[in-house]
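*Asks:* Per my numbering, the sequence shown starts with residue 1, numbered consecutively.
Heads up, simulated BS3-like pairs for lysine-lysine below, C-alpha to C-alpha not over 27 Å straight-line: (1) K410 - K390; (2) K139 - K6; (3) K6 - K140; (4) K326 - K306.
The following label-pair restraints were derived from C-beta to C-beta distances: (5) S111 - L334: 34 to 40 Å; (6) R19 - W396: 22 to 28 Å; (7) R19 - P243: 34 to 40 Å; (8) V405 - V50: 42 to 48 Å; (9) W396 - V50: 34 to 40 Å; (10) K410 - G36: 46 to 52 Å; (11) L406 - F42: 48 to 54 Å.
No lab work stands behind these hints, which were simulated from the structure alone.
Here a beta-carbon is modelled for each residue, glycine too, at the ideal position from N, C-alpha and C.
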Amino acid sequence: YYQSSKSLSAGMLTALVNRIGDVMLLLAIGFSVLQGHWNVLFMWDTELSVLVIFCILVAGMTKSAQVPFSSWLPAAMAAPTPVSALVHSSTLVTAGVFLFIRFFPFVSSFSGFSSSLLFVSVLTMLMAGIGANYEFDLKKVIALSTLSQLGVMMASLGLGAPYLALFHLYTHALFKAMLFLCAGGIIHNNGDIQDLRCLGGLWSQMPLSVACLNVANLALCGAPFLSGFYSKDLILESSLFSPCNFLMLLLIFLATGMTAAYSVRLSIYSLWGQSNHRPLHQNFDESGEATWPIVILALISLFVGKQMQGLFVEFNCSYVFPVGYKLLVVGVGLVGVWLSVVIWRSPALDENRVGFNSLSGFFSWMWFLVPLCTQPVVSGPLRAGGNFFKYLDQGWFEVGGGSGVLFMVKEGSRGSEFFQQKLVSFLVMMVIWSAVLILFWVVL
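Using the sequences and the hints given, assemble the complete structure.
*Replies:* Here's what the structure looks like:
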């Protein structure tokens with residue numbers, strides 16, 4: 001949308017990283033063709049089943065931007081906000097999760113699938129949650145929140161609960177689309193400013209957008225009785241009864257607390273904070289065509305979560321659930337809110353300090369995944385392709401192929417023409433000399 005080198009690089013990075021997933025899907029299809037069919041139900045005991053599962057695993061991780069393929073998701077924020085609302089809610093980034101849900105009975109048969117997916121998803125949740133707390137770009141904060149929720153869905157799959165992952169995928173689509181539409185209205189009314197430090201005081205100028213944005217933030221945190229609560233609460237409760245170790249469980253709850261922290265930080269900076277930009281500019285809510293979809297999504301996020309829960313989860317038996325476990329799930333979000341208020345409202349925290357800038361660079365750069373993982377993955381094949389094109393396609397293949405054949409034909413034609421021209425001259429000279437010799441012999 002923006003004609004700049006940064007936007008071009010972001011689009012190229014997104015396309016190239018997703019091509020890795022496409023190649024893995026094609027390889028999985030190719031391995032299936034070797035069996036004579038594409039039905040995975042008949043591949044339980046085949047030797048190629050492990051390769052097919054590995055290809056599906058890598059394809060799903062690239063499509064859903066799991067570690068180490070996470071850097072393309074914040075870079076894709078160069079697209080317009082309505083495009084981001086569509087991509088982050090229901091299309092591109094959720095394709096990997098839906099792929100795992102569809103093939104879960106097959107891929108879960110691999111012994112290391114669940115543990116590997118759980119480990120990667122928890123790392124993704126932590127990286128996105130901590131990075132969002134140090135990020136000042138409004139759209140990137142929302143993008144990192146999408147990455148964090150994708151980690152929650154993947155963690156649910158790693159815990160063996162695909163229906164909860166699908167349930168959270170649907171509820172997440174509701175409030176994430178609303179969150180992006182609200183952010184787009186705020187950015188548009190503030191002169192395309194996306195820096196949180198330049199926003200503030202919007203609650204009195206854009207009350208409808210701010211109210212819907214807060215509803216989306218609360219649903220993202222898993223606030224009780226909102227749509228996000230019914231799915232995320234069940235996922236966290238299922239993790240308490242899962243056989244995963246204590247460290248993994250601790251990291252899951254820590255990442256959940258980070259979600260509440262960056263959501264409240266977003267509200268503190270942009271909605272309730274002091275306005276730091278364009279003091280003479282008056283903001284207003286968008287027109288009805290832009291606000292009605294936001295209001296409808298807000299109402300759905302408020303009232304549809306309970307009804308959707310009945311479609312995905314059957315409460316047909318009684319559970320003995322300790323009160324402490326239930327309070328733990330709710331308390332983690334409250335602790336995240338408290339830490340966000342205490343830390344980010346503290347005057348002792350100065351973003352101009354050297355230590356803060358170092359931490360901000362490390363976390364907002366997503367643990368340096370771009371230079372460590374993404375750039376080698378993208379630049380390596382590009383460099384190899386360039387060398388192949390230079391030395392083989394335009395080099396040896398060209399010499400031994402089209403150009404070589406053309407050169408041989410030209411040289412052969414030129415030699416034949418030269419020989420033919422010399423042969424005619426030789427024959428003419430032979431005739432002349434023969435005539436001279438005959439004449440000389442007759443005269444004598």
